[in-house]
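*Asks:* In case you want the letters, here they are:
Number of protein chains: 2
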Amino acid sequence: MDWAGAERRSLAMLGVTPGWQRLCALGAVDDETAGAVLDAAGRLAAEMLAPVGEASDREGARVEGGHVVLPEGFGGAWAAMAEGGWIGLDLPEEVGGAGLPVALQAAAESLFDAAAPAFGMAPGAARSAGHLLAAHGGEALAEWVPALISGERAATICISEPGAGSDVGRIATKAVRDGDGWRVTGQKIWISFGDHDLAPVIGHCLLARTSEAPGTRGLSLFLVPARRGEAGVSLLRIEEKMGLHGSPTCALAFDGAEAQLIGEEGRGLAQLFAMIELMRLQTGVQGLGLAMAAADIAEAYAEERRQGGDPAAPPVPIAGHPDVARQLRELRARTELLRAAVFELAVQIDLAQRAPEAAEREEAAALAAFLMPLVKTFGAETGFDVPHRAIQVLGGAGYTRDWPLERMLRDARVLAIYEGTSGMQAIDFTERRLVRDRRGLDVFVAQAGAEAFAGLAGEVAAAPEAARLAAADAVMRAGWAAVTGWLAERIAAVDPASAETLRRALPQRFALHAAEARAALDAGPVID
Amino acid sequence: MDWAGAERRSLAMLGVTPGWQRLCALGAVDDETAGAVLDAAGRLAAEMLAPVGEASDREGARVEGGHVVLPEGFGGAWAAMAEGGWIGLDLPEEVGGAGLPVALQAAAESLFDAAAPAFGMAPGAARSAGHLLAAHGGEALAEWVPALISGERAATICISEPGAGSDVGRIATKAVRDGDGWRVTGQKIWISFGDHDLAPVIGHCLLARTSEAPGTRGLSLFLVPARRGEAGVSLLRIEEKMGLHGSPTCALAFDGAEAQLIGEEGRGLAQLFAMIELMRLQTGVQGLGLAMAAADIAEAYAEERRQGGDPAAPPVPIAGHPDVARQLRELRARTELLRAAVFELAVQIDLAQRAPEAAEREEAAALAAFLMPLVKTFGAETGFDVPHRAIQVLGGAGYTRDWPLERMLRDARVLAIYEGTSGMQAIDFTERRLVRDRRGLDVFVAQAGAEAFAGLAGEVAAAPEAARLAAADAVMRAGWAAVTGWLAERIAAVDPASAETLRRALPQRFALHAAEARAALDAGPVID
Chain R
1 MDWAGAERRS LAMLGVTPGW QRLCALGAVD DETAGAVLDA AGRLAAEMLA
51 PVGEASDREG ARVEGGHVVL PEGFGGAWAA MAEGGWIGLD LPEEVGGAGL
101 PVALQAAAES LFDAAAPAFG MAPGAARSAG HLLAAHGGEA LAEWVPALIS
151 GERAATICIS EPGAGSDVGR IATKAVRDGD GWRVTGQKIW ISFGDHDLAP
201 VIGHCLLART SEAPGTRGLS LFLVPARRGE AGVSLLRIEE KMGLHGSPTC
251 ALAFDGAEAQ LIGEEGRGLA QLFAMIELMR LQTGVQGLGL AMAAADIAEA
301 YAEERRQGGD PAAPPVPIAG HPDVARQLRE LRARTELLRA AVFELAVQID
351 LAQRAPEAAE REEAAALAAF LMPLVKTFGA ETGFDVPHRA IQVLGGAGYT
401 RDWPLERMLR DARVLAIYEG TSGMQAIDFT ERRLVRDRRG LDVFVAQAGA
451 EAFAGLAGEV AAAPEAARLA AADAVMRAGW AAVTGWLAER IAAVDPASAE
501 TLRRALPQRF ALHAAEARAA LDAGPVID
Chain D
1 MDWAGAERRS LAMLGVTPGW QRLCALGAVD DETAGAVLDA AGRLAAEMLA
51 PVGEASDREG ARVEGGHVVL PEGFGGAWAA MAEGGWIGLD LPEEVGGAGL
101 PVALQAAAES LFDAAAPAFG MAPGAARSAG HLLAAHGGEA LAEWVPALIS
151 GERAATICIS EPGAGSDVGR IATKAVRDGD GWRVTGQKIW ISFGDHDLAP
201 VIGHCLLART SEAPGTRGLS LFLVPARRGE AGVSLLRIEE KMGLHGSPTC
251 ALAFDGAEAQ LIGEEGRGLA QLFAMIELMR LQTGVQGLGL AMAAADIAEA
301 YAEERRQGGD PAAPPVPIAG HPDVARQLRE LRARTELLRA AVFELAVQID
351 LAQRAPEAAE REEAAALAAF LMPLVKTFGA ETGFDVPHRA IQVLGGAGYT
401 RDWPLERMLR DARVLAIYEG TSGMQAIDFT ERRLVRDRRG LDVFVAQAGA
451 EAFAGLAGEV AAAPEAARLA AADAVMRAGW AAVTGWLAER IAAVDPASAE
501 TLRRALPQRF ALHAAEARAA LDAGPVID
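Residue numbers (the UniProt record's numbering), protein chains in the order written: chain R, 1 to 528; chain D, 1 to 528.
What the hints contain is simulated information worked out from the structure, not anything from laboratory work.
Computed from a prediction, not measured in an experiment: that's the story for all the values here.
Cβ coordinates follow ideal geometry from the N, Cα and C atoms, glycine included.
You may find that some hints are simply not true.
[Stated by the list, open to error] Pair by pair, the computed Cβ-Cβ distance ranges are:
id, chain 1, residue 1, chain 2, residue 2, range
1, R, G181, D, V316, 47 to 55 Å
2, D, R62, R, A36, 42 to 50 Å
3, D, R62, R, E143, 46 to 54 Å
4, D, R62, R, S211, 37 to 45 Å
5, D, D30, R, A172, 53 to 61 Å
6, D, R62, R, R227, 49 to 57 Å
7, D, R62, R, R237, 22 to 30 Å
8, R, G458, D, G35, 32 to 40 Å
9, D, R439, R, A4, 37 to 45 Å
Extracted from the complex, chain R is given alone in its bound form (with noise of 0.2 Å):
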């Protein structure tokens, strides 16, 4: 992994993002301090957490005496993280944080997540805790926010359980009121980090029913503190999953849990969005560091590993296989559009948040949520993608544990899950950013200026019920398509390689995904 190159190219790609300068108007950021951030973050990647990364998968997660143990290295890790300020990074100053941009933040976790994408889960759900709870928690939970960022507390996010994944409003989980505070009974699953001992307390962000409103509505947020002995929460098993093996997957049992209530009651889900939201961004960068570790790692195999030319003088470096060469500008075009996706999306998040005017808050803000579903999707779609296609450039020894790349694959295959499935992803940006509010949509056109892509959503808009949904991915991919077009110009302003390889490998992709939405709605209802 070239984790100089990696700062490089993210520098350089900040840089020309939309919105980044105006960033830097705005006082957020200096081009300075993202310099000096993305140095000490590379160094933090590579010399602590890449070694933990590959001990995190060959001993995983486990549990002994009903409590999770964690791979060798990751309590160093945890202490490093916060220390050094990486939890906190892009939380305010004034619960504790550097309040420094979002976009920033993205860029440096995505050299952690190329590194140790498992352990990253647990910094990475105490992270966006602390912006639920800086938001949301009021004078109550204050305490809780910096007690985050100093690693002296972890977090997780609570939603599924066994009769309600994607479909929350199915949650079973009671909270009842008990004096001032709640008690929460019930179960949960798929908890990440819902067990360790890198903190001596775990705040439970959970979702719980209150009343008897059916569907979303009866559902209210609820902050759950958990110490290890103390009654109440207790592990019931950790999954054993096809990667991210270090990231323990828990199921919980709540038991009167004592609980504190989040913001108002009834609007538990509204509010977990910012949690969520971010969630999501971080699944596009997940996918970001697992591309670009891949990527590198395919690059310098094919210029290290010599066979086939003249069989009469010494092998070639297999970089000089036109069909190899074909494929490390794949890897490579497919690394640096994710990158180009997800600062944008970061920075939109951002001007959301810090714009001085209103009305530029809320174009950002459109554009962000027109843009989430996307980048989710294509961050879960090219983590797995660009590792798959970095083992086919090694042959071989891409299918061993040799090389990590195997490693990254079985780690991606869930990013298309969590967080909201792609068929999730694409029910939103279909029913909400394309049909019922089209406001992100027209500024993304505007920005963007993708014709094409306007007349497809219109038509996906106007589309009968029950073609909707089935014109849904073929309009996720066009949608990525326009938005590529939009980031390709720019990519060429700062790494004139990976445009190169943009111009040769991409402009077929685009006009192929424009047809296979134009095929998917000209076919009418294929679902039914």
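Starting from the known structure of chain R, arrange chain D on it as the hints suggest.
*Replies:* This is chain D only, laid out in the frame that chain R set:
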């Protein structure tokens, strides 16, 4: 896994595969025999192999005291395969086989690979070696074929070396004459089941250099018998792989090992191709087995798992959700297309051997050579893609080891690498089938009437050298699309449900593949 359903689909598909009725008319097989064979194969797969498949991944092969120890149950499964006559199913009766068609063997083997693909590599190599030795072994090696069929001996194929993977011309292992025989010295890697105790003797079918003639002209083919405890062949290590854990992938050292020449000196690679071609078909069959199993699991899960629907009513099976229904149709369509394609190729291989007239044999052989790289690649892609998509249907559950889908995805990742990477298949298809020898293309176009594809192929043949490799990948897809169009109607005759699936899911995809190929050609020399 719905074993009865898989048998029924395969039997029906064989019946409508072009050439199958011709094979019946030639007395090679009849539908009753085929039904009985598939029924027995399904029982073996369900009762004996499925439990072995599970143990295979968990335990994996390991090395103890310099030798491979196989997972629990492999010995019993090997004995059952041999006793049931499965290793020799399509080997000639005069050497102890059952003399049935390759196509029926493929149909049976896909059931075995649905259950235990890692184990299946052992009987698969014995069978392929049986074909090689029946064709080129001569009198001196005549005892080998019945011994392979009865399971008393096993076999491997030894080609790759540390410095010679796809680039076989750089093979450095040397064979020198020693009295009437030969002795072989060198190192071979990526040897599936290179060491085990399923049989007391393993015959290594090995390419070695017998002259300094450059490239592949100096290579000859040998049979190197190895017995545990005897000098000459030793195990260096087994690879730690992403999947196929039960299949020991060995690095072997040959140190003056006794060897017998197979066939003619200097014709090693050409002769070995009889075995390699069967192992490429076998890769397509493995892909089919994995796809069949994964599609079945996803369909069954989606009928049972309940989520969503009217919040006031009980949740509904997710198979009824439009986006899940779309995913299931994709799974099934891809699986059935692969089944049709694998059987198509296998029947042509049969006709190339069995047709009474030379002209008919020649035509079948040309078509088989044309289809081989397409089916190998499509099998590798589909065998990976269907488990990948099936995981998405199961969501978080699919990412856990509670279901075999993640194991299937890991097992499948190597299909695009071994037996010639997809890149090698693309070169084979473009250089050999579209440019150097267009006979298979002519047969295909005459039979399939795929005019669009014929035009494309002509353009590739006429394209400058620099553009040809760039177009190969796209043209393979277009070739596949054309084959698919040809197959789709046939499926309608067999399996109305699958045909409906194909009708809905695939037409626009064909158009896109053709468009992609066209775009690649229009883009000119992308690779330089």
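*Asks:* Can you list which hints this structure breaks, lowest number first?
*Replies:* 1, 4, 6, 8, 9
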